[in-house]
Structure formats: structure tokens, C-alpha cells
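From first to last, the protein sequence lines are chains P and W. Residue numbers for the first sequence follow this note's numbering, so the first one is 1 and each next one is one higher. Residue numbers for the second sequence follow this note's numbering, so the first one is 1 and each next one is one higher.
Just so you know, the hints here were simulated from the structure itself, not pulled from any lab data. Heads up, a few of these hints could be off.
Claimed, not checked - Residues on chain P that point at chain W, a partial pick, calculated with CB under 10 Å:
#, residue
1, Pro62
2, Met84
3, Arg121
Note that beta-carbon positions come from the ideal geometry of N, C-alpha and C, so glycine has one too.
2 protein chains.
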Amino acid sequence: MPDTIVMKFGGTSVADAERIKRAASRIVKQREAGRRVVAVLSARGKTTDELIAMAEEVSPRPDPREMDMLLSTGERISCALCAMAINDLGHRAISLTGSQAGIVTDTSHTKARIIDVRADRIRQALDDDLIVLVAGFQGVSTSRDVTTLGRGGSDTTAVALAAAIGAEVCEIYTDVAGVFSADPRVVPTARKLPQVSFEEMLEMAASGAKVLQLRSVEYARTHGVRLHCRSSFEESPGTVVIGEDETMEHPLITAVTHSTEEARITLTGVPDRPGVAAAIFRALADANCNVDTIIQNEPREEGRDAEVSFTIASEDLRAAERALEPIRAELGIAAIDTDPEIGKVSIIGAGMRSHPGVAAQVFETLATREINIEMISTSPIKISCVIRSEAVPEAVQALHEAFELSLAEVQRERPIGQEAR
Amino acid sequence: MPDTIVMKFGGTSVADAERIKRAASRIVKQREAGRRVVAVLSARGKTTDELIAMAEEVSPRPDPREMDMLLSTGERISCALCAMAINDLGHRAISLTGSQAGIVTDTSHTKARIIDVRADRIRQALDDDLIVLVAGFQGVSTSRDVTTLGRGGSDTTAVALAAAIGAEVCEIYTDVAGVFSADPRVVPTARKLPQVSFEEMLEMAASGAKVLQLRSVEYARTHGVRLHCRSSFEESPGTVVIGEDETMEHPLITAVTHSTEEARITLTGVPDRPGVAAAIFRALADANCNVDTIIQNEPREEGRDAEVSFTIASEDLRAAERALEPIRAELGIAAIDTDPEIGKVSIIGAGMRSHPGVAAQVFETLATREINIEMISTSPIKISCVIRSEAVPEAVQALHEAFELSLAEVQRERPIGQEAR
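Using the sequences and the accompanying hints, generate a full structural model.
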């Protein structure tokens with residue numbers, strides 16, 4: 001049986017008639033190379049924003065089930081148009097809704113989780129020699145309602161289908177050429193990475209790299225789906241995300257990522273007794289605020305109050321404040337301070353596991369530039385520093401230079417001292 | 001069990017957020033009056049035109065299956081938005097696609113026919129005390145593809161659902177207040193008709209009245225669904241369409257209808273042998289041209305050629321010419337002449353069945369105004385005259401006046417001479 005591939009095109013790649021035709025010809029090219037193709041499409045450019053604006057015009061708090069019915073139309077429009085374009089190129093294409101494609105989800109409207117993929121209809125269509133286009137970001141719930149998968153949903157649709165039909169690769173087409181050693185807008189000498197491991201990609205997605213959604217990378221890792229991030233607008237290969245056991249090279253540092261849209265909340269005078277922290281973060285979770293770095297200063301003396309500090313996405317700041325207000329009174333917390341001007345810079349690399357010197361070099365590099373580190377968090381393959389948001393570009397450039405990430409050949413397994421010069 | 005009603009809102013009635021909220025409150029008012037409500041919605045104002053324009057930008061001849069996938073999104077958007085608005089009014093609403101509502105069609109994409117209505121899900125939702133909103137104009141085919149019902153499709157959806165769930169009435173909300181004795185833009189004294197029979201409504205729809213689509217009226221008559229055409233923008237009752245046996249009154253003449261968008265095609269030198277007319281009209285039918293009035297002049301002498309003349313909608317003129325060109329050569333027809341400036345005026349009334357004098361009065365009325373009648377066609381309850389399109393407004397006014405249709409009380413069963421003065 002010929003290879004099967006899944007190709008996913010994001011919103012900017014199908015934003016107008018010309019781009020839809022370009023996507024169609026990319027799809028047809030793969031078909032003509034003898035592959036069976038399933039393509040997952042997002043809504044065109046601003047379609048989703050327009051639909052949300054319509055809903056907000058009608059209702060102050062749109063019903064989630066109806067929001068899903070509304071938003072799911074955008075991807076269907078993209079797919080129908082692309083199918084037309086493919087048919088004009090002399091190939092036969094069929095567009096399927098998430099439901100027709102067999103994407104079965106739970107009933108959590110606007111943020112449904114995929115619980116099953118019944119891909120019989122896709123398999124049948126592929127056997128009938130059709131190119132299959134699937135509306136991304138959506139599914140059908142166990143109670144037969146249309147659901148949407150939330151942020152990054154179309155990537156998740158693509159990965160889930162690739163897993164279900166056993167595709168050789170899931171290609172993610174976007175307006176960037178792949179995964180870079182840093183954001184090229186901040187570091188012009190950043191290099192495109194030919195490959196990264198799932199672990200690295202997860203850390204990068206979690207720490208500000210926007211090319212792939214965290215959730216789809218997790219799904220791909222769990223189900224062993226090979227991801228290939230590449231550009232819709234050029235032919236050259238992008239970045240392949242692979243299992244760590246597959247990679248021959250173990251770069252010490254792969255990339256520097258950053259984020260400037262963070263905020264910090266500091267709670268002072270927090271009573272030092274069990275359950276307080278749990279109550280605080282339960283309230284935030286219930287308000288759908290994703291907490292990133294957390295620091296708690298234990299009081300030096302028994303019975304004194306503690307201080308808890310954490311970062312969240314800027315867009316969640318108001319929701320977090322609203323969620324904490326009742327908790328404050330209830331627990332007797334002295335004060336809640338917020339700081340919206342927070343940024344984060346992270347260095348990521350599977351090779352740092354065995355090189356404890358990396359952290360020291362990060363701190364030295366930032367210190368040399370007189371950039372103050374406000375919070376630190378680490379994982380085995382990542383070091384993140386919370387800093388003032390205005391210092392982020394300089395910090396990224398300094399770290400990218402310090403770890404020599406612009407070099408054509410990535411450093412391999414050399415002692416930390418050698419490359420730190 | 002409380003009464004169940006179906007309410008259908010057309011495109012202008014859901015064109016923007018304000019109108020959607022107004023439709024929502026009309027629906028809620030019926031619910032609060034104790035009725036179970038199923039509402040069928042069309043796409044918002046220009047949505048369908050915009051979607052068609054998108055398709056044409058991508059493909060010169062869009063694939064019909066994909067066209068249906070594309071166009072069906074418009075009604076879903078209307079339904080989702082209206083459901084949100086109803087939820088805000090403190091009632092619970094659920095929107096359903098044509099497929100979810102159980103509208104099963106054949107596989108004729110872009111002009112599918114309804115072959116079954118499996119309304120279990122609607123019934124269940126009504127039993128659960130929900131207001132049910134259904135996306136009009138669409139269904140799911142026996143091969144599980146999304147289909148659309150073609151022109152007038154949302155009216156047909158509404159009538160089909162009313163029949164399936166045994167609704168007391170199917171209310172059709174539009175931007176006009178009901179069915180009038182003539183187009184009020186042409187005849188300012190035209191009166192709103194409190195009721196018309198199915199037969200009259202069918203003739204009116206077929207002869208230019210745009211308030212209801214022919215097809216939905218046929219469906220309603222076949223399945224005994226009571227129709228009520230009324231305004232979305234005012235509260236007063238509109239026009240009820242009922243079985244002839246139900247009506248106590250038998251007006252001689254109910255209304256004058258007209259159309260100015262007609263064209264005439266005249267074939268001269270048509271060979272006088274069996275099968276020729278069949279070949280001509282088969283070619284037109286295959287090109288989807290709906291032929292209206294047909295006149296054939298038999299040759300006076302054996303073996304001489306005949307002349308065939310017929311009218312069609314102006315928009316079909318070019319398609320008809322293209323369809324006839326090969327037929328002309330094949331059959332040896334001398335010439336094809338076209339006249340795009342054709343109009344039609346018709347008078348309709350169930351009471352005229354027993355009054356042969358009506359036709360004479362129509363011709364006299366037009367003769368007095370020196371309006372030349374080019375073709376005539378009749379049914380038991382209709383007389384249509386094909387005239388120059390520029391003469392149509394004057395002809396409508398003259399006939400409306402001659403048959404005294406502005407009177408508050410419609411004439412009943414009187415001898416023709418009495419009202420013809």
C-alpha cells in the first residue's frame with residue numbers, strides 16, 4: 001500500500017482564493033508523487049474572529065454549545081473551497097466535517113477532548129482514490145452535538161487522524177519555515193533546526209515558541225506520530241519532530257525561546273498552614289487560568305506568613321484577579337499585587353541533562369548585560385528565567401550568541417567549558 | 001399536549017444582530033404563550049451570496065457536493081446566533097443542522113429533494129422543554145453527504161418539519177405583511193388577503209408572487225400543513241393558506257400577480273412531424289430552463305412548417321439559446337428569435353371556475369388601455385396574459401381596479417356582470 005500522509009494547513013495558508021489554490025496544488029503534488037493524502041484545514045484567516053464578533057454582538061455570554069455550532073462553520077468553508085480547487089486540478093477530493101471524519105469527543109463544548117477517532121469513512125475514501133479534506137478544530141460529541149477542540153485544535157485534529165490511519169508523517173504547513181533556534185524577528189541569525197525531539201518541542205511550545213501547539217505535540221508523542229513543520233510558501237524541508245531515540249545527535253542547547261505576554265501575581269501575608277496553596281491554585285484552575293512558574297517563600301519562623309508568587313499569561317490576568325478576590329477574604333491573605341510587565345526567556349536542549357554548567361552560564365550571560373532575573377524555573381532540558389518584559393529581546397540575543405546557536409553545525413556533547421567561551 | 005408550531009424566518013429577518021434578537025423574542029413570545037416551538041432559519045441577508053462569490057473566486061465550476069458543504073454553513077450560523085439570543089432571554093434553545101434535524105434527501109446536490117424526515121431528535125428536544133432551531137435549506141443525503149434543497153429550500157424545510165411533527169401551523173415570517181391582492185409597490189391600494197386557498201397560492205407563486213415558494217406550497221398542500229405568511233416586523237396577522245374545503249368564502253378574483261422578468265423565444269419554420277416539439281422541450285428541460293406559456297401555430301396546409309413560441313425566465317434566456325442551437329441544425333428549424341422585453345399579468349381566483357365571463361373582462365380591460373396581449377394561458381382558476389414588459393404596471397393597476405380588489409369586503413359568488421361594471 002502506498003504511503004499515507006496528513007497535511008495540515010493553518011489559517012494564513014488558506015486566507016484567500018490564491019492561497020487556497022496554492023494549498024490545493026501542494027496537496028495534489030503529494031498525490032501525484034503516489035501518496036494517499038488526508039488534509040486538515042483551519043478556518044480562513046480572520047473567519048473565526050469574525051464569527052466570535054457576531055456572537056458577541058448577539059449575546060454577552062454566548063452559550064458554549066451554540067458557540068461550537070457557530071465556530072465550526074469556518075473550517076468547513078475552507079475545506080469545501082479547497083476541494084473545489086483540487087477538483088479543478090483534475091483530481092477528486094471530498095471534504096468532511098469533523099463529525100463525518102469520525103472525530104468523537106467528550107461533551108466539553110469549546111474545549112472538547114478527542115476520545116475516539118472512527119476513521120472508516122476516511123479509509124474508504126482513500127481506498128476509492130480520493131483526496132480527503134477534513135475540517136479541523138471540531139468533532140462530534142457522544143451526545144451527537146458539534147464540538148470544537150479549543151486553541152490549537154486543528155493541529156490536534158491532524159495528529160489524531162495521522163495516528164488513526166497510521167500515516168507516515170503529519171505535515172504542519174504554516175507561514176514560518178520551521179522551528180528556529182530563536183524567533184528570527186528577534187535574532188536575525190537564528191537558524192532553522194532540521195530536527196528536534198518531542199521533549200524539546202514540548203518545552204519550546206510551553207515556553208513561547210508558537211509554531212506548534214503544545215497539545216498536538218503531546219498527542220503526537222503519545223501516539224508516535226512523526227511531525228514535520230514546514231512552510232506553505234516555499235518547498236524546502238522544515239523541522240522534523242522525532243522521538244529522542246531516533247535522533248543521532250544530541251545538541252547541548254537547541255533553542256532560545258521567549259514570551260513577553262506574561263504577568264506576575266504576588267500574594268503576601270499568606271497564612272502558613274496546609275491547604276492554603278491548594279485553595280489558591282484550585283480557584284485559578286477553575287477560572288481556566290494556566291499558571292506557569294510558581295515560587296513560594298517559606299516563612300523563616302514558625303507561624304509567620306508566607307509569600308506566594310506566580311506567573312500567568314497576560315490575557316488571564318483579570319480573570320485571575322477576579323478568581324482570587326473571594327479567596328483572599330476567606331483565607332485572610334494580606335495583599336494581592338500584580339505586575340503586568342513580565343517576560344520570560346528560556347533555553348532548551350536535550351543535551352543539557354548531563355551538563356549542570358548550563359544554568360551558571362545562563363545566569364552569567366544575563367548578569368553581564370545587567371538583566372535582573374526575578375524568578376527561575378527548570379526542567380531536565382530547560383532553564384527559564386522570568387525577567388522584565390522590556391529586557392526580553394536583549395536577553396534572547398545574548399543567550400543565542402553565548403551558546404553559539406547561529407553556527408551551521410550544532411555543538412555536540414562537548415564539555416560545557418569548551419563552548420561557553 | 002400543548003400546540004406545536006413551526007416558525008420560519010427568512011434571510012432579511014435574521015440579517016443582523018438586532019433582527020436576530022427580534023426573531024428570538026418573537027419565538028420566545030410563542031413559547032411563553034404555552035406553545036412548543038420549532039423555528040427554521042435562513043442564512044443571514046447576503047451570506048449565501050458571499051459564499052457563492054468565494055466559490056467562484058476559487059473555481060470556475062464549483063463541484064456541487066462541495067457547494068452544498070459550503071452553502072449549508074450560512075443557516076447554521078443564523079441558528080447558533082439565534083439560540084444564543086434565546087438563551088439570554090431565559091429560555092433554553094438548541095440549534096440543529098438539517099442532518100441533526102433528520103431531514104433526509106436524495107443525492108441531487110444543490111437541488112436535493114426531501115425523501116424522509118426523521119424527527120425523533122426534534123421530538124425529544126421538545127419533550128425536554130427546549131426551543132428547537134433548525135438550519136433551513138439543507139439535509140443529509142442517503143450517502144451521508146450534506147445537501148441543499150435549492151431555491152425556496154428553507155420554506156420547504158419548515159413545511160416538511162411541520163408535517164413530520166404534526167404542527168398546528170407553519171408560520172412563514174418575511175419582510176412583507178402577507179399575501180396581497182397585488183404587489184403594493186405597483187398598486188398602493190392593494191389589500192392584504194386574510195386567507196387564500198392552496199390552489200390560489202400555487203397559481204400566485206407560479207405567476208410572480210414572491211412571498212412563498214411554489215415548492216413549499218405544494219408540499220404543504222400534499223401534507224395538509226396550514227401555512228401562515230406574516231411579517232417579522234409587525235404583530236398583526238398575515239395571510240393564512242388553507243384547503244379550499246376549509247374556506248367559507250369563494251372570492252371570484254383573489255389577486256392580480258405579475259412578472260416583468262420574462263423572455264420569449266419564437267422558433268419559425270419548425271418541421272411539422274411528430275417528436276419535434278418533444279425534442280425541443282427535452283433540450284430545454286435538460287438545460288434546466290423552466291418553460292412557462294407555450295403556443296404552437298399548426299400550419300394551415302399539410303406539410304407546411306409550424307411556429308412554436310414560448311416564454312421563460314429572463315435569467316434562463318442564454319442557457320435556452322445555447323440548448324436550442326444544436327437542436328435547430330438537427331431538426332432543420334428555420335430561425336430562432338428572442339425577445340427579452342416580455343412581461344406577464346395574471347388574475348387568480350378560485351371563484352372564476354364557474355364564471356366564464358372573467359376572461360372577456362380581462363381582455364376588455366386591457367384593450368381599453370390599448371395594451372396588446374401577445375399570448376394567453378389559462379387554468380381553471382387563473383388567466384395569464386403575456387404583454388410587453390413596460391405595460392405591466394398599467395395592466396396590473398387596471399385589472400386590480402376593474403375587479404374592485406381594493407374593497408375591504410371581497411366580492412362573493414355574484415354573477416360576473418354585477419362586479420364588472
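So, going through the hints one by one against the coordinates:
{"no.": "1", "hint": "Pro62", "verdict": "holds (5 Å)"}
{"no.": "2", "hint": "Met84", "verdict": "holds (4 Å)"}
{"no.": "3", "hint": "Arg121", "verdict": "holds (8 Å)"}
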